[in-house]
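Enquirer: So the sequence lines, in the order shown, correspond to chains A and B.
Residue 0 is where the first sequence starts when you use numbering that gives the first Met the number 0, and the numbers rise one by one after that.
Residue 0 is where the second sequence starts when you use numbering that gives the first Met the number 0, and the numbers rise one by one after that.
I should point out that these hints are in silico values taken from the structure, not numbers from a laboratory.
Note that this is a predicted model, so its numbers are computed, not measured.
Beta carbons: idealized from backbone N, C-alpha and C, even for Gly.
Cross-link-like lysine-lysine pairs, in silico, DSS-like; alpha carbons within 30 Å at most:
#	chain 1	residue 1	chain 2	residue 2
1	A	K446	B	K154
2	A	K587	A	K551
3	A	K368	B	K195
4	A	K411	B	K154
5	A	K981	B	K269
6	A	K981	B	K249
7	A	K1089	A	K1013
8	A	K981	B	K154
9	A	K441	B	K154
10	B	K195	B	K232
11	A	K518	B	K229
12	A	K1019	B	K249
13	A	K952	B	K269
Computed footprint of chain A on chain B; a stretch qualifies when at least three of its residues, placed anywhere within it, have a C-beta under 8 Å from a C-beta of chain A:
#	segment
14	14–25
15	174–188
16	265–271
Listed below, chain by chain, are the residues.
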Amino acid sequence: MLTKFETKSNRVKGLSFHPRRPWILASLHSGVIQMWDYRMGTLLDRFDEHDGPVRGVHFHATQPLFVSGGDDYKIKVWNYKTHRCLFTLHGHLDYIRTVQFHHECPWIVSASDDQTIRIWNWQSRTCVAVLTGHNHYVMCASFHPKEDLVVSASLDQTVRVWDISALRKKSVSPADDILRLTQMNTDLFGGVDAVVKYVLEGHDRGVNWASFHPTLPLIVSGADDRQVKIWRMNDTKAWEVDTLRGHMNNVSCVMFHAKQDIIVSNSEDKSIRIWDATKRTGIQTFRREHDRFWILSAHPEMNLLAAGHDSGMIVFKLERERPAFSVSGDTVFYVKDRFLRFFEFTTQKEVQLAPIRRPGSVSLNQSPKTLSYSPTENAVLICSDVDGGSYELYIVPKDSAGRADYLQDAKKGAGGSAVFVARNRFAVLEKSSNQVLVRNLKNEIVKKSPLPIATDAIYYAGTGSLLCKAEDRVTIFDLQQRLILGELQAPSVKYVVWSSDMESVALLSKHAVVIANKKLVHRCTLHETIRVKSGAWDENGVFIYTTLNHIKYCLPNGDSGIIKTLDVPIYITRVIGNNIFCLDRDGKNKLVTVDASEYIFKLALLRKRYDHVMSMIKNSQLCGQAVISYLQQKGFPEVALHFVKDEKTRFNLALESGNIQIAVASAKEIDDKDHWYRLGIEALRQGNVGIVEYAYQRTKNFERLAFLYLITGYMDKVGFMCKIAGQNNNLMGQFHNALYLGDAMKRVEILENAGQLPLAYITATTHGLTEIADRLAAELGENIPSLPEGKARSLLIPPAPLTASGDWPLLRVMRGIFEGGLDATGKAELEEDDEAAGADWGDEGLDIVDASEAMANGGDGFDAEEGEANEEDGEEGGWDLEDLELLPEAETPKNAGNARSAVFVAPPPGMPVSLIWTQKSSLAGEHAAAGNFDTAMRLLSRQLGIKNFAPLKPLFLDLHMGSHSYLHALATAPIIPVAVEKGWSESASPNVRGPPALVFTFPQMEDRLKAAYKATTDGKFPEALRQFLSILHTIPLIVVDSRREVDEVKELIEIVREYVLGLRMELKRKELRDDVNRQQELAAYFTNCKLQRVHMRLVLGSAMGLCYKQKNFATAEHFARMLLENNPNEAQARRARQVQQQCSGKKDSSELNYDYRNPFVVCGATYVPIYRGQKDVSCPYCGSRFVPSIEGQLCTICELAVVGADASGLVCSPTQLR
Amino acid sequence: MASPDLLFNLRNLFYLGAYQAAINNSDVPGLDADAAAERDAIVFRSYVALGSYQLVISEIDSSAATSLQAVKLLALYLSGDKESAIVSLKEWLSDSAVGSNPVLRLIAGIIFMHEQDYTEALKHTHSGGTLDLHALNVQIFIKMHRSDYAEKQLKIMQQIDEDHTLTQLANAWLDIAVGGSKIREAYLIFQDFAEKYPMTGMVLNGKAVCCMHMGSFDEAETLLLEALNKDAKDPETLANLIVCNLHLGKPSSRYLSQLKLSHPDHVLVKRAVSAEDNFERALQAVA
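One chain only, chain B, in its complex shape:
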C-alpha cells in the first residue's frame, strides 16, 4: 500500500477556500522535509488569502525557503507595495538558481495576472510542473478567453491526477467558461465537493454561479444567502448576490454599498464605476 497522502486534507481545505481551517489543521505530524515546505507554503498562502499580509511579511524572514519568499512577495504586492514587489520578483526570476522554483513561478503568474500582463504571466507559468501552475494556466487562459488553450492545460492536469481537487476545480472553471451543457457538469463537480468536504463559500459560490448560468436564479439566491451566512464579507458572495438579485428583480443596493465599502477594488465595483463614466461619455458621443 502506498503511503497515505498526509497533506491531502490540508490541500483540499486550501483549494476549496477554507483558509482558516487550513491554517488550523496545518499541524500534521510525520511530515518529511518536502512535505513540510509545501505545508508552510500553503499555510502562508492561506494567510495571504485571508488578507493578513503584514503577518506574512513579518513572519517570513530573509532566511526562509524560496517558496516562502515568493509568498512574501505576493503579500507585499497585495498589501500595496506593487512596484518593489515586481522589481524583486523580476530579480528573483532572472536568478537561474531559484528562478525555476514552482511556487515562485506560481506567485509570478498570480502577480502578473493582477497586473493584467497575461503574456508575462504565462511566460513563467506555461511550462507547468505542478498542478497549481497548470491550474493557474487554466485560469489565465480563461481570462484571455482562450478556452482552447485552457482545455489543453486541463488535459495535462487530468493525466497527472484526474481526481485531484485542483483538477476537478479547474475542470469546473473551464466548464463554466465554455458554458452550454458543460455548466451542468461544473455544477455536479461543485456538488461532489459539497458532499465530500465541508461546505465553503467558494463551493457555494461555484454552485450559485452554475445555477445563474442555468437560469435558476432562485436556487442561486438560496445558495448565496447560505454563503453569506458563512462569511458576510466575502466579496464574491456579495458580488454574485448583487447580480442574482438584479436578475430576480430584487433590490441589491445594500449589497452593492457593502461591497463598495469593504472591497473597493473588486471587479464588480470597478466595472460599476467605469460603467458610469462610460455612460456619460457615451451620452456625449451620441448627443
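If we strip away everything but chain A, and leave its shape as in the complex, we get:
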C-alpha cells in the first residue's frame, strides 16, 4: 500500500472522490463534512449544517454539487462553489446511511434505517420512488454504473437487487407529471417503478455493504458474519459464487477494483484486505493498530482508493504506476503489459521487442521497477520486488524486433538493484553484505566489490562507476579503482537522471531536485511541495522535470519555473527542443509540445548570449511584468530597461543600471521634482556634472546649483546664481553666493540692502573697505557696533576647486548589444535633449565593438596541391623479408643461465597476412599491395603485355603503403603493422583473411573520369590527357568484386582509350602550325573517336570550322551535317546550318586522307586511318589499333603495354579466376 495522504479527525463515515479535481469529501461522525485537497494536503472547506453524524456523502459527476445524508434524517444537496446548502430533502424517518447521485439521471438514491430506499429527483426536489421490502436497517444502496439497477444491503441479512427501468421510462416521457403525483401514493405501498429483482440470501448476519462489479454481472457484499461474498446474476436469477473468509470482525465495506482483478474490503477488525477476484484468495492485508475501518471509496478515474476509520482517513494506492523505462540514445526502452518495447523519438515508432516473464507469486507491486539497457549488447536488465528484490537479464537479438512470440529464458538473480556498468558488465547490489557483484552477460560473477557506504540502491554513473544511494547521501564509486569519486548529501534520492554528455546529474527525491556535476559537486537544490516524478535534460543543459501536476524547468543556476500544468502525471523520457516525450501511467508514449521560450530566454541571459536574447525579444511576445521583475531581480536591469515602456519603471531601471542618458530621457518625460532629484543624485555619483546641473536647474534648486558651481569652479555661474537670487529676493541665497564668490563688496551691499547696516558695517570694516564703512557709519550714527577686539582677521576666500573641466572622465564601457538594436528611438530623443540642454554630456563616442571581426579568421584548408611523393632511396633491405627471415631456429635450446628458457620453446612465426594475400590471388593489385612487386609485374606482363612499369611505380608504392595500418601497442615496444582487409562486415569471422583493401577503387576511377570529362569540356587538353592517362594507368591494378563490374572496367578502358587517342591527336594538331591539310586530317580523325556527345559536338564544330576556312566545303558540309545530328545547341546549330548552306554542292579544294564513307580506325602512333580490310596490330591492354610497322613498340596510348604482344587479357576480379 502506498499512502498518499492521511488526515486525523473524528470518525470518518462517508467518503467521495471528486471525479476530476484532486479533492475528497469526508463526512464525519461529528456532523462535519470536510473537503480536502489530497495532493496538496490541505483542508479546502468544511460544511457543518447536519445535526449528528453524517454517514453518506457523494460528489456529482459533472455539476459542482455534492449530496450528504445524516442522522438528522435529512438529505442535503450542496453547491461547493458557493459554499451553500442548496436544499434539503425530507422524507426518511430514520438515520440515513448512504446517498449517491445517478451518473446521468437527476436522481439520488438513499438508504435509511427506516427500512426503505428512496430515489429522489434533485431537480424537482421530490421523492420519485420508495423501495420497500427490507425488514431491517438498509445499510447501503447504490446505482449500477450502467444498467437500471440498484443494489442494497440490509441488516435483515439480505442483499437485494432492484429493477428501476420503469422509473427510467417514466422520467423520459415527461407528459404524465400529474399522473406521477397521483402514483406517488401507490408507490409507497409497493408501486411498480422499482421492483425487487433478486433477493440474495446467504449471509448469517446483517449485511453492511454490497456493490456492483463495474463491468461484469457480479456483486460483492460484506457482512457482520465477517465474510465477503461474491454473487453472480443473469437475466433471470442470481446466485452465490464464493465466500472470502479472513476478516476477524464485521466487514464494513467491500468493492471490486475498477482496473485490476481484485476485491478490496475493510472491516472493524482494523484491516484492509486485498483479494484476488479470480482465484478468490487473500493477496495482502494492511492493518492499523487502533482504528476500525468504516468506509472505502474508489476514485472514478484514477488508481486511488480512500478508507475512513476511527480517527481519520487515508488516501492510498495499491501499486506503483510508474512504468520502468530507460533512455538510450534515440530510443526509450520500457515495459508495458508484460512486453519489453522500445520507442524511437525521431521516427516516433513503437516496437514490441520481447515478452518478459510473469512473476510467480500473485502479490502486489511485483511489476518491473527499474530497467537498464546496454546498447552494445542490446541487453536489458529488469529489476522488480519479486522475491524481495530480483533482476532478470534479457538479451534481445537485433533482428527479433516485432517477433512477439520470441520468448527466451531470462537469466535471473537476487539483488536489490542491478545496472549495466560497462560493456558486458553489470553490477548487482547485494544489500545483506553491502557489496556489489559485477557480473558478465552470462550472469557469471566477475568481481565482488564492497561498497563504501550502506547502500539502498545503485545507479549508473558512467562506465565502470556506480552511483550508490544511502539514506542521506549519494556517492559515486569507481568499481575498478575502488575509490569514491564524489559524495553529496541528498536525502532519500529516488531517481537519477544524467545529462547526455554525462557532465551533469539530477537527483530526484520525493520533494526535491538536486543538480550536481559529474563529481557530485552540488550546483543547486529545488524544493517542491508536491511529488517530483521524473525529469530529463534538454540539449541546452536545462533540466526539465515533472511533479504530479506540472512540467517545470530548472536552469543551471537553480532558477526554476512552471512550463505547463498537467492533468495526469507523466514520466519524461526525452526533451528535444519544444517537444517533451513522455510515458504515461498506461505505458503509452506521448509527445507534449511546450513553449520553451521562457527558459531558453532565461538561459540565454544566464549564459550572456545577448544576441540570442535580443532575437528572442524581437521575435516573441515575452515582455511580461514577470520577465521584467526576473531581469531586475537577477541583476539585468540594463536588459530589462529595453522591455519597458512605462517611463517611471524605465527611469528606475535606468538609475539601477546607471544608464544616465535613458534616465534623463525618462525624467524629461515624467518631469517631476522627485525624479529630477534622484537623477541629480545618481549623476552626482557618476560625476556627470552636466546632468547634475541640468537636474538642479529643472528642480530650481538654486542652492544646490550654486554650491555645485562653486565646487566645480564655475565662478561666473555662481555670480549668475547670485543675480538670480537677487531677482528672487532670496537674500540668504544671494549672501551665500557672495560668500562663495569671495566678493566682500557684494556682501556688504547685500547686507546693506537687507537693512542689516551694523553687519554691513562690520563686514566693510573687517575687509578694510573704509569708504563704505565710513558711509555706513554715517548712516548708523549712534549705533555703530563695536568690532571684536584682539582677534586676527583673515580674508574669507572660497577654496579653489580641484577641477573646472566639466564631467568626470568615465571609463569607456563596451556598449551592450541592446543599446544598438533596441534603443534607436531613445537615442534620437536623447540627441534632441543635447541641444536643448546645451550641456556637454552627449558626446560619448559610439564604441560598439564589432564582434564579428573576431570571427573573420577562418581556418585555412589544405592546399590541394598534387605534389608527388617525395621518394628517396634508402639502403634498407627488402621490406617483406623482415618477418620471413626469422627462421625457426628455436629448436636449438638456448644455453643461457635462465632456467625458464630451458623448457620453453618459442613457437615458429606464423604467416604474415600479406603472404596469404599473394598465395590466394593472381590479381596484380593485390600482389602490389602485399609488396610482391615482381610477381605483380609478371602478372601484368602475362595478362596485359605490360612492359613499361615506370608509370606504375607510384601506384605500386601507394598500394603497398596503404596496405597496412599501424597500431601503437605497449609503450616503447615496436609498433604493430596490421594488414587492412577489404569487405569487412559485422559477421565476418575472425582469423579468416580477406583480400587487401586497395587504395585504388573502381568508384574512384569513375570520379576521375568525370573530372577528365570536365577538363575536356573546358578545353584544358593537357590536363584532360593527364587525367585520362592516370585512369588508364591505374586500371591494371584495381580489383572489383563482380563480373558485371569487370565488364564496366573493360568498357572504361575503351572510353578512356578513345579520349587519349583523340586528345593526343588534338595536341599534335596544335603543334602543327603550317601543315593545314594535316591539321584538317587530325581534326577529322578526332571526330572518328567515340566521345561523349557534348565533346563530339565541340570536336565536330572545330573540324567543320577548320575545313570551311580551308575551303574543303564537302568535308565541312559533312561535319555540319554530323553536328546537326548531335543535338547541337542554338548557336552551334545556326553555325552548322550556315556552313551547310554555304557549302552545299561545292567541292573540296584540297584532298585529305579522310574518307568518311569508308569505316576506319586511327593508328595510335602514326595517326593515319586504317580502313576496314587493311592489316593492323593492337595493344594487348588498351586495345588501340596500330599500323603493322608499329608492332613490338610501346603502345603510345596507354604507355604501358607492347603493341602486338601476347597476353591473356585483363584480370581484375577474383570472380574471373573461379
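Keeping the supplied structure of chain A fixed, place chain B upon it in accordance with the hints.
Expert: Below, chain B alone, put in the same frame as chain A:
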C-alpha cells in the same frame, strides 16, 4: 573494503599513452615501497616513451633499483647505443639475483623485439608474472602472426584481471590482429577508454585503425585529424593518416615528408624506402 589502488590512475595514463600526464600526476601520496618503485619505473618509462633518453640515462645512477636500471638500459638502447645496451642486458639477465626481475625481463623483451629476435625476446618474457609481461607476449605473438599463442596469453591476463586497462588493450590488439567481427569489439574497447579516460592519441589511433579495418575511412580520418591536433608529431598518427588518405584518394605526401623528417626509422618510412628498392629490383628481374 580493500585498499584503494593508488597507482590506478597513473598506470592507466601510461598504458593509454598519456605519458606527460603520467609524469605530471606521479606525485601520489601514501605509497609503500613497492608501489613507489613501480611508480618510479612508470615515470622513467614515460620519459623513455617521450624520447627523453638522455634525461633517463643521467637521472638513474648505478645505485638505483634493478627495475630502474633496466629502464636505463632501454633508454641507452633507444638512444642508439645498441651494442653496449645489449651486452649489459645479457649480463644482467644471466645474473641469477636480478635476472628474474619482471621489469628487467620486460625491457629485455622490448629490446629483443626491436632487434626482431622474437625467440630471444620470448625466452625472457614467456613465463609472464606481470600483466605488462603478458601484454608484451601478446604483442610479440601478434608480430609473429601467431594469434593462437597471443590468445592464450590474453586468457591468462583475463584470469588475472579482466577489467584491467592492459588486459582490455591487449584484447583490442588481438582483436584487430585477427580481424573480422572482432574489429567491432576492439572498436568498442577503445570507445570505452575514450569515455572513461581523457582522450589520448593512442586511443584515437586505435579507434581509427578499427575504422579503417571496417572500411570507414572517413570516420578514421576525422579521428586521426583529432589525434593530430593533440600531437602534430605523433608518428603513428602521421603513418595512419598517410594510409587513410591514400584510401580516400587524398594527397598524403605532406604527411609522408613530415614523417620522414621526424621519424626516419618509422616502419612506414622503412617500408616505403624498401618498397622502392624492391620495385627497381623487381623491374630488373622481370625485364
